[in-house]
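A.B. asks: These protein sequence lines are chains A and B, in that order.
Take the first sequence: its letters are residues 2 to 223, numbered as in the working numbering.
Take the second sequence: its letters are residues 2 to 223, numbered as in the working numbering.
Because the hints were derived from the structure by calculation, they are not lab data.
One should not assume that every hint holds.
The list makes no distinction among identical chains, and a pair is therefore deemed to hold if it is satisfied within one copy or across any two copies.
Here are the simulated lysine-lysine pairs, PhoX-like style, with alpha carbons at most 25 Å apart [claimed, not checked]: (1) K4 to K50; (2) K69 to K4; (3) K69 to K5.
Number of protein chains: 2
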Amino acid sequence: MSKKAVIVLSGGLDSTTCMGIAKDAGYELYPITFHYGQRHNREVEQAVKVAEFYGVADHRIVDLDFLKQIGGSALTDEKIDVPETAEEGIPSTYVPARNMIFLSLASAYAEVIGAEAVYTGVSAVDYSGYPDCRPEFIASMESTVNLATKAGVTGARIQIATPLIDKTKKETIEWGLTLGVPYELTTSCYNGLEEACGVCDSCQLRLKGFREAGSEDPIIYR
Amino acid sequence: MSKKAVIVLSGGLDSTTCMGIAKDAGYELYPITFHYGQRHNREVEQAVKVAEFYGVADHRIVDLDFLKQIGGSALTDEKIDVPETAEEGIPSTYVPARNMIFLSLASAYAEVIGAEAVYTGVSAVDYSGYPDCRPEFIASMESTVNLATKAGVTGARIQIATPLIDKTKKETIEWGLTLGVPYELTTSCYNGLEEACGVCDSCQLRLKGFREAGSEDPIIYR
């Protein structure tokens, strides 16, 4: 029986790279995508295409409308504008405790299907001030997961795998290209346009990454 | 401005006691109830009545249908029978990572509304083998919450308050009675019947608690 990994898949560049990395590590892929009231459905649509590309047997899409209900982020609250330039401190695009919530649900799923790893594409290099992308959060989360689940009693541990945590966007893209990651299917723009804006923080980071990796970004910019 | 606490409110005896305890500690109460595909809606109905009893301004009810989708528990999976007697090891009523998921979402809510505590009625005494009711899980969860949120950066900590963690059911009931906790509105039966079964693990624990506290359980048994 092949070993299983749950992949937190947003349809973005990093999580899609994690699909390639986990596959390369010999895992059977179980992507899980969260629909948390992002302003647009584009992330979910692209995640479905990425899952299809990898021919997965099961792709879970989880509705977390509550995150939109409570607001508190420019990504989920229409009353808060998405900034066009990088911000000081914690950005307005920070979604409260998002990674903790995603990893909690992904770990419950991992426990039920017997997966030994949960992959997430967080990067501490590009984290732009998000508290829940820091290595100390990930280490604490992994401990908590293994106390919260049967693993804490039976000893079958669940690993929170963060292969990109110390990688720049350039390094992520270089790694992904060697693995044939379908970057043409990914989306990064905060504005969720079919043609990326090329202006927001996220688009700028992505474009810089491709440029530094000496490759052309295959998605369309307006 | 009064200080705020989020209360993970299931409509059961312990979480309802936490409403009384947090109120007594001077908190403005913000209950949050999770509808996670329990076999019955009775818990949610009773939680609504408890919230009304306390006259709260806002009661959030969060749909977590995903926990039912992934199954793995007798409480959410109709294919697994609820046992009538206590089990060895981790019981079949264990819901994968439930408390980690609930506390993650409750903490995100606490962050947005500026609450300084999240109350949960877990008890390590009566935990019947649930890994996510152990004090070491709670301690780890609290650390993780404070790394995952803005608290981790700004220093405004969120406390995971577990006033019942070292309490027997008898002690919980004795405490609650001094606070006027409306036990007639609570439900504990795993079978979710309007009249409690009196036979399941949860009913037995509750009946024993009232008996030892020298009080009569005000709910109706069939």
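A.B. asks: For every hint, state whether the structure bears it out.
C.D. replies: Checked hints:
Taking CA atoms no more than 25 Å apart as the test, K4 paired with K50 passes inside one copy only; the shortest distance there is 23 Å, against 46 Å between copies. Proximity of K69 and K4 under a CA criterion of 25 Å is satisfied inter-copy only: 24 Å between copies versus 35 Å inside one chain copy. For a Cα distance limit of 25 Å, the shortest separation of K69 from K5 across copies, 21 Å, qualifies, whereas the shortest one inside one copy, 31 Å, does not.
Checked against the numbered hints above, the structure breaks none of them.
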